[in-house]
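K.L.:
Sequences listed follow chains A and B, in order. The opening position of the first sequence corresponds to residue 1 in the numbering used here, with each subsequent residue numbered one higher. The opening position of the second sequence corresponds to residue 1 in the numbering used here, with each subsequent residue numbered one higher.
With a Cα cut of at most 30 angstroms, we get these calculated BS3-like pairs of lysine-lysine:
hint: 1; chain 1: B; residue 1: K86; chain 2: A; residue 2: K111
hint: 2; chain 1: B; residue 1: K12; chain 2: A; residue 2: K112
hint: 3; chain 1: A; residue 1: K112; chain 2: A; residue 2: K132
hint: 4; chain 1: B; residue 1: K112; chain 2: A; residue 2: K12
hint: 5; chain 1: A; residue 1: K64; chain 2: A; residue 2: K12
hint: 6; chain 1: A; residue 1: K186; chain 2: B; residue 2: K12
hint: 7; chain 1: B; residue 1: K92; chain 2: A; residue 2: K112
hint: 8; chain 1: A; residue 1: K86; chain 2: B; residue 2: K112
hint: 9; chain 1: A; residue 1: K12; chain 2: B; residue 2: K186
hint: 10; chain 1: B; residue 1: K112; chain 2: A; residue 2: K92
hint: 11; chain 1: B; residue 1: K132; chain 2: B; residue 2: K111
hint: 12; chain 1: B; residue 1: K86; chain 2: B; residue 2: K139
hint: 13; chain 1: A; residue 1: K86; chain 2: B; residue 2: K111
Keep in mind that the hints were calculated from the coordinates and are not lab data.
Number of protein chains: 2
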Amino acid sequence: MLQIRPEDIERKSFEIITSQMDKGRLEFYTEDELLVVKRTIHTTADFDYQNNVIFQNNALDNLKDCIRSGAMIFTDTNMALSGINKRILTSKFGIEPLCLIAEERTIALAKKNSTTRASAAIDLAYQIHEEKLLSDGQKLPIIFAVGNAPTALIRIHELLDKYKPDFIIAAPVGFVNVIEAKNLIKQSNIPSIICDGNKGGSNVCAAIINAALLQLA
Amino acid sequence: MLQIRPEDIERKSFEIITSQMDKGRLEFYTEDELLVVKRTIHTTADFDYQNNVIFQNNALDNLKDCIRSGAMIFTDTNMALSGINKRILTSKFGIEPLCLIAEERTIALAKKNSTTRASAAIDLAYQIHEEKLLSDGQKLPIIFAVGNAPTALIRIHELLDKYKPDFIIAAPVGFVNVIEAKNLIKQSNIPSIICDGNKGGSNVCAAIINAALLQLA
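Isolated chain A, as found in the complex:
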């Protein structure tokens, strides 16, 4: 067993990840983008992410600006919510991320519109965003962090004429409608970090946010 102090484990892990990545991919990304890509590999031990992660429309700068501006962050699962580094996000930026999937208003809306809860949670997120604007005049940026539900991305796309989010993490995992839903986000050109293909997940979604947060800490 490698004798190593806990605080050195992460540094050592990132060294190993770097040594096992393709040279071409190490050169493809900017230095800050690489930290995001490496953190997705750190979270999965899956080197496919070096080829999968797409930064669209100056994504990382936009994501950091949103966080600095106190963005509202909505995740599609409680698992992604629980993986986000609240020590930085909440303590430093005063942001309390939200997951609306189990809210009564979401459940009622999903039933009314015969849609998924993940889809209804997008509608509710925009509603909460508007309520905040009406109550205190603050128009905060809005970030959707989607690691599970393609229907969340599909709903974001359907509502684009009316509402445009400031940032999207598009990282659902799976085999049905996942690639198609991510393609809708690519076509939108909204600043986004997209895990191309079938891969992604709540853990990957949280890892992407955390990588950005660590660059702001």
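Dock chain B against chain A, hints included.
P.N.:
For chain B alone, kept in the frame of chain A given last:
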């Protein structure tokens, strides 16, 4: 976009997973084990899991027996905890899984013993298990579900002379001490589901428990 009812997405996903798995691996596992393996792939879109998941010492039957007996379940992260299907686990079996990583007693113990919180949380779990036995005479099975911290597995191994858990999910992900820590669990021959190699994660750990729960639902 594939027009498909939400309730059919999972069935369709599992059909696609089955069609893309290696024939040899489909034949290698029992029918119930296959449902666990397929759920890890469903959670990650990573087909390496068809080669990684080890069922040790009649694992799946033992895991189901533990759950039926109302086992205490301790996860190493809040993310794994949040991914577990409480609808079945809590409603049907009355089990409230616990994550002790952020407990004050864990933090104090980690400080006192100069160890990681994940390691200290194992000590605290055994302590809570004993307190329950003393308070109501119930000796419940104890399950550790580890998706992140190799030090949790190392601590389980260190304490084996004194305490023996009834079941272990050994699925930490990463590059430092992860393989070595999993090997300790393999050598113990305790009933376990192990994700061999570097891969695993909180999501995979929760998926394994959920796959067993769905077989009991």
